[in-house]
Amino acid sequence: MNQISLHLWLIPILPLLGAAINGLCGGRLSRHAVAAIGVAFCGTAFLLVLFVLSHFFALQLPHIETYGTWLRAGAFHADYGFYLDELSMIMLLVVTGVGLLIHIYSVGYMWEEGGFHRFFCYLNLFMFFMLVLVLAHNYLVMFIGWEGVGLASYLLIGFWFTRDSAASAGKKAFIVNRIGDFGFLIALFLLIKHFGSLTFSEVFGSISHLPSETAGAGLLTTVSILLLLGATGKSAQIPLYVWLPDAMEGPTPVSALIHAATMVTAGVYMVARSHAIFDRSPTTLTVVAVIGTLTAFYAATIAIAQTDIKKVLAYSTISQLGYMFLACGVAAYSAAIFHLMTHAFFKGLLFLAAGSVIHAIGGEQDMHRMGGLRRMTPWTFWTMTAATFAITGVPGFAGFFSKDEILWQASRVNMALWGLGEFTAFLTSFYMFRLWFLTFFGHYRGTTTSINEGDKAGQGPGLLAINKSRTGPVAEPEHHPIHESPKVMLIPLIILAMLSVAGGWVNIGKNFEKFLEPVFRAGPTAYTLTETATQAGKTIGGATGTELLFTLTSVLAAALGFLLALLLYKIQPDLPARIAASFRGLYTAVLNKYYVDELFSILLVKPLLAGSRKILWQGVDRRIIDAAVNDTAEGARRVSDSLRHMQSGNLRSYAGWVALGAAVVIAYMIWVALA
Amino acid sequence: MSTTDLNSWILTLVTFIPLGGAVLLIFVPRRDRDIRVFALVTSLLAFILSLHLPAHFEHSQTGFQFEIDQPWIASPNIHYHMGVDGFSMWLVLLTTFLSPLCVLISWHSVRDRVKEFFILLLIMQTTLIGVFTSLDLFLFYFFWEATLIPMALLIGVFGHARRVYAAVKFFLYTMIASVFMLAAILWLYAKVGSFDLIAVEDAIRKGQVSGFGTAAPWLFLGFFVAFAVKVPLFPVHTWLPDAHVEAPTAGSVLLAGVLLKMGTYGMLRFNLGLFPEQSYANRSWIVALALVGIIYGALVAMVQPNMKKLIAYSSISHLGFVVLGIFSFTSSGLNGAMFVMLAHGVSTGALFMLAGIIHERRHTYEIREFGGLAKPMPTYAAFFLFIVLSSLGLPLLNGFVGEFLVLAGAFRAQAVYGIVGASGVIWSACYLLWMYQRVFFGKVTSEINSNLPDLGGVERAALWPAAAMALVMGVAPLIWLSSIAPAVENTLVPFARTVANVVKQ
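One line per chain: the protein sequences are A and B, in this order. Under our numbering, the letters of the first sequence match residues 1 to 675, in that order. Under our numbering, the letters of the second sequence match residues 676 to 1180, in that order.
Worth double-checking, as some hints may not be accurate.
Straight-line C-alpha distance at most 30 Å; calculated DSSO-like pairs for lysine-lysine [as the list claims (entries may be wrong)]:
#, chain 1, residue 1, chain 2, residue 2
1, A, 593, A, 606
2, B, 1118, A, 593
3, B, 1050, B, 1118
4, A, 570, A, 593
5, B, 881, B, 866
6, B, 866, A, 606
In short, the hints are calculated from the structure, not lab data. As the structure is a prediction and not an experimental result, all values here were calculated from the model.
In isolation and in its complexed conformation, chain B is listed as follows (with noise of 0.2 Å):
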């Protein structure tokens, strides 16, 4: 097949072959082993194949590549339209990156229903991969819904003790937030009459769509109330913690570093790409919760007694960045509001690798029964300092640069919103330190943390190309940064002239 026969199908070749393995698992007897094998290969090979979208992707071209646009259903008007630009191809291979770690980090921990577990991973990376490639509002939201029967059976069925609570409250949080989302997009068929995300923005910027400024404000909030809660936005994370303390480990993995990137995404594409003026109308009070989230997740970070709450509360604070960057309309706050969703992806994924590996050997998240640990456990503790120090913005690993760009895009677009965000690098030094000093220094002060097994072959597999990743979008950004680019320049076209006296001083 010649690349360019390749580039129209890629797209279809990375989001179905997860889903082709899960049916073809069915099949497959029921010895685990042949099972995980069969799943890390499959998730591999979905990796593999989504190298060629950062190989064969063209800088100079603005707007989608790789598209597929077939019309598929006469009516409804829906096409199958598939294509990314630079924000949607990283967060398809941050998708395929993250899969097969989750497959490894499940290896020995999950034990039973392996089967049905690994049928559920596979068929959440379809479906997270389709909410990123769809460029057809339908499709988008056909994806957008289903990653909420995976997740929620994730959490429901191989979860911890309170899963069943934390599964319908994360099914319910989210999809009643995302009828609203729909109600919008019926909307907008009813009047433009197609589904396609390209029609519907052509449509509205040509001012065809009638009734468009009466219904623009509604519209916004629409997306906009589903991706916040996606995100979460304080005040509407209060689901995020539970269902990340009770969700086996895989489940956060994607959880944190995927599935909350469908929200800030979300508002990137739809409320930014179909709605710039009410974006900018409503900047204010996003960007304001958006700050909240960052300093509020980052103090109750700091006092939760269960590592996995910590992260959780962290993943608040690190998505108000994104947030933020995100209503900043800079190029700076944009490009790193891309960049943070990609480095949180990385480095929250492997810090709950970590809890869930520690998890398995004590069966608690509860800070207070470790301390010590640096002793019986030294390469484990270095891995969790590796990524504590990726997660809390050194220079040189990823955290640091989405983060320095988002602040000082959102410094440029009015001071007070820097330096408030600024102080989130003194929060995060402040729980994620306290939390590795109480659960690594010290003496060892129970017996059974003096005899844990450092990690093993399979955890180290798992570990290393994130701790790899880390460090390389650290040194060498541009690698993300110049694709990005192009993406966030076409976000901000219809911003020039609303915003022009903001991006020069």
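Chain A extracted, bound-state conformation (with noise of 0.2 Å):
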């Protein structure tokens, strides 16, 4: 199709390197080789990008490279082959360029643990399957990045296996995402069915022919719901969340690059690169636009009462995965994109930032027990303070013009929700400064026995703790006064920092909608919202005023989370506890998360299990099929015995017979054929 070839295959072949180097022979090198293999692998797959991005605006688009064919069954194929256009270039700025900076961190996260060749064997196989995901140009190999993205999850999730919450937290994450896998996958069935083909320009140019399903549902519906089910699985959305929470057991960074900045985006790639099956689909979108929203809303009244700091980071990646899904189910694909972008610059680094305070303090991730933090982690403060401003939407950061484009986009399909994702905003901007003001302001909290009472709590020993217990006796807090990160660590909190101010900037005089404009434009008869959307975005500036009302409510209701925040956290911190006091019930169930783990568990997993043991196992197969079997060995047995007693002096040599016998047939037969 083109002429040249950039050799897009290079760029996650080379972090796979990495990965194979550190799996295969990591344990041998220093730590400092480690470092270097797994940094720089993943930094010249940076560098490729880069360099496809200097020839990029040459490009006959979309630039397709094919590498042979994976595998073939009738008239069906699929083949390695990569696609390069406008979203696949800004999927690959931010994969290599926030990888490569949380890889950087880490290096100096994880300097003192043990297992560090492992942990960036991961993290490269992490960029490789991530890379893979996000260039395939067909969905079969799309499903390579999101299972093996999937596997990564599990494999760093699990890093501190020693700890059976983070091996539970592995496995919970990977069998929720299989579910979300089933969906995906007879979706991919029903495409090859009526397609014969799941690469991207084949199915979409079938597509382009259907007209929308404006009627009732039909194959795109049921597709693009399938897909749909896939993405809640990937990007942690109601009803398939529950895994992200958990997957904080993590290490921190596995935290800021897997679960904030790019694989829990993977689901608002997919559905962004599926828009023409969704565009087809008004019903789809509406529940795309219904689950972002509820997701958002509900996942950010969870946040506002967790006092582990990285579950409340997790929720609120939860919540702003929401926002995603509804851009994508209001058909403004531009904004979600955009605000994917601007989130994993926040969300990395607010983790990252989260890691410097945890790493500081000794491993100590309740919130109860920091306070204060500002003077003695100056940088890490302001980074944090960057992101904290950045996601709650103060004005000129990157998070207000992407979170604003998006809501700006949902009212003009439906008010309620425009006015349910206002109200996130607000609840966003509350728990933020909660955050914000309980670990940075007020006086240290933490004490002597912190590590110890936090394991009491439930909230799982520090991180850095977990690490001395496995390698010896647990250091004694006074070992750890507390400290300012290194500057490995906190070089690339600067640059997130900046891009967490600046990021949002690209989008002024909606450019960043216009270079996405080639992808996203198709869908001619899908949907009369998306051609508002579309004419909203060509009409530049032509409805400023009433724009301008609804970015000043944005901004209102940022600032009230961020004075509810300084009343109760700042001015008057005595009173949570008394609120939380007065509404305990509902409290409760908030801090528990609205006990959806434990439904779970009541109403599926376990009568599973023991129907699986008492009914199926000890049931089925044992008293039914197997006692019948047995009545007929039981009478074969004594048969058998019978026959035994006649050679009961062989046993020893029954294989020499055997070969012996074997031996008599076959030179009978061969004196009979030669006869």
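Need the complex rebuilt from these two chains, each delivered in its own frame; the hints are there to steer you.
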């Protein structure tokens, strides 16, 4: 299709090589060598992406490269191939850029940990699969990446595998994702059955002749709903969000890279990539928008009560992903990708900064044992402040632009979606400033026994403490004077902080949307609302009056959140406890995440296990089938017993007899043949 | 010897070299080390020779290749007729590939009656290969039954505590079922006057078999019952968990890796080949049993306290995919079914080797006896994880390709088949990862586990080829699919008309 080849395959292969080297012989290498390999292979991939970017505007898009057939059966075949357009270009930049920064940060964060080479092996492996996911030119190659990032996530969540909670969290993430993958697979089967192909250009080409399914649910609605099920698994949306909070058991850089910046956005990417399908199903789009909005709101309510700093950020991630789904649901895919990008910057930064805080105070994650840290860890404080301002939507910061865009687009479709989104923005601002005040202001509330208490409180011991307890006796807290993190961790923080401030400016004058416009054009008969939205994009500055009003509302919501947090956690710090006491039932429910995990366990997991054990295995298998067989066998055994008496002395040389017997038979046959 | 000469003799060589080795082994003095080396060299020789098959396989040619057809016994009319197509060739290679690994994995674990053990193992290999290469029904039946003896002895003599019970159960279960096949074969011989598969098939297609119309449903069932027990298909599967748990490691590897595939191979070759109409007419209940097997096997696997039983039930689930693919009568389904057979042979074979390795150290398969093993045995844990991932169908590893094709085919035949079958991807993740967690993660709970030695050299040598094969099969499945496809198309010819509507849409 294109004359020049950019050798896109090199981009994912490089991290894979890094993973292979560190995985196979990292144990014999020094930490310096392991870190150098891990960072260098990821860094080279980033440089290659920059190289591709430098050629990007000269390319005929989409630029497709294929490298041979993967599998074939009958008329169906799937090729290894990569697909470069504006959308995958942005994803490449985000994944390799943020990925590289987090690799560098990890060198500092993980330096003291056991399994250092294992960590970088997994991290590079993740980069490989994530890059395959965003570059794929058909759904099956995308599925390689899709499952592969799930594997990397499983490995990294369970990195500290001696801890049961970490091992369980990894497994839970994988299994819940598999439920989503089930939907994804069925969608692929439908596409194969009806279009005979899984290649994006062919599938979307065939679809472009089909009308929008406004009259009722049809093939495209089914396909898109099934794809959506896959997306809700990967991107932690209702109903499959349950794995993400548990995933915080992984090392903090992992939470930043996989569970905030990149992997969890794969669902959003997939929906955006498949917009031709979604555009043609108003039903699905509505479902996407509703799921997104509800998830955004629901997760935000849980975030306000969490005391573990990483759990707050985890629920915040679910909530922000909800915004992206909301954007997709109102067919504002550019806005979704825009928020995906800014979110990668500021949420990645929030996690890294939280990691820096945790690192500084010896592994404590409970915000009630933090406080006053702004003086002791100034760089962390200022970078985290930038990220907090970005996520809450302080004007001028990255999140302000992207979230505003989403809410503005939502308001054009349905005011209820907008209203709930706006209220979620208020909640977001509240829980983020709550985190900010609790962590950095007031007095340091940590005590010498904090680590042990954390244990008892069921929060799980802090990260660094785990390592100590694995490698030796728990270090006394005095050995951990509160300290700022090393430069290798601070530099990524500073770069991400700059991006969190300035990352939103790319869409001033709708430049970002214009860049992505060729990807999302399509959808001619799609959806009347799409047209409105596209028109809005075209008449830039046309509706500035109304848009400004909506922007002001957003700013007001953020400000209210800030003020409430200021009141509760700075001015009147004893008030939250009193409020919690007077709404004890509600508070406990929220604190325990509405008991969804417990419900799953009682309604699903336990009956399934008990049923399999008592009814299927011990019942059907043993009492019914085997009992019948054993009666026969019992009779037969009596016969064989008598047979055995005849040859009891020969048991030892059974083998010889068999060989001899076989030889005789063969000899007879040869004799007959010759005769 | 020129290639053409070798082409006609290669199957004979590959089939009987292990038996020849076994016979020679009788005369090798009882020095255990020599016996092991001899067995290894013999099985490696068979493997290297078997590589001749894919190297000289003609993809454009349909039908059987490397044929040899010598009249053997005049009355009854038995031919020494061998030949392979894309199906059987790869099953032969699977057998020759797994056999050296079986020798390696038994290197240290078999200490008593070493000589008898390796003699049985080599005889086993010949009988298994013979099943796949025979094109004469008598020869086929001979090898088919002959596999029982070495396997029953491997279980009964070299197995664990309840070995006699398991061996007898295995023997009777499959023996009784085979009698129905024998009856069907004899009926066909009586009517056609030949045991030759091609002659019989020809006669049936041309309608030259008198009384075939009334007998066909029964003949179909006769073959099917024998194969269904071997697969094993729900509800005739209960011999398998017992046989596996009691079998020595190498026995389990060959049992799961190759012996079960005799059943699915038989369905492809005989049920679909000789009785296409009956196969198609009976597809609904067979697919239903396959689907039940997929889910049932997985659910029961999930609650097994014994690692080897868990793997055994997972085999029932995986073999369900094979039957589902075969009876979907789609190109994708059959290709996939064949690929699952091979992939399952490699992955489950490796899983049983891994289970054997831990049994050798701890003399138990009980999952609760373990925990935290990733700490003392990191290499073992890494191999185990890799194979678990290949077994649960991670893309780019071998398990995915076959399952995907089977499910795509099943979905095409009937959406609900694909949907129910696809739920297997969830279950396999559940039981495998849960088992992996309980064995390898968490803290080391018992003192004895904390000092377990990691993999030794011989164990690595047995596991590396399997792991590498799992990867190659996942990344470049066309190596296999390109020669399987012609056999699939050939098999589907009689269905072209019957199934036209299904295949089209």
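Okay, the hints, checked on the actual structure:
Distance check on the hinted pair: residue 593/A and residue 606/A sit about 20 Å apart at the alpha-carbon level, within 30 Å; holds. For the proposed pair residue 1118/B and residue 593/A, the alpha carbon gap of about 28 Å is at most 30 Å, so the pair holds. A threshold of 30 Å between alpha carbons decides the hint, and for residue 1050/B with residue 1118/B the separation of about 8 Å falls inside it, so the pair holds. At roughly 25 Å between alpha-carbon atoms, residue 570/A and residue 593/A fall within 30 Å of each other, so this suggested pair holds.
For the hint pairing residue 881/B with residue 866/B, the CA-to-CA distance comes to about 14 Å; that is within 30 Å, so the pair holds. Between residue 866/B and residue 606/A the CA atoms are separated by roughly 57 Å; this puts the pair beyond 30 Å, and the hint is violated.
Of the hints listed earlier, the one the structure fails to meet is number 6.
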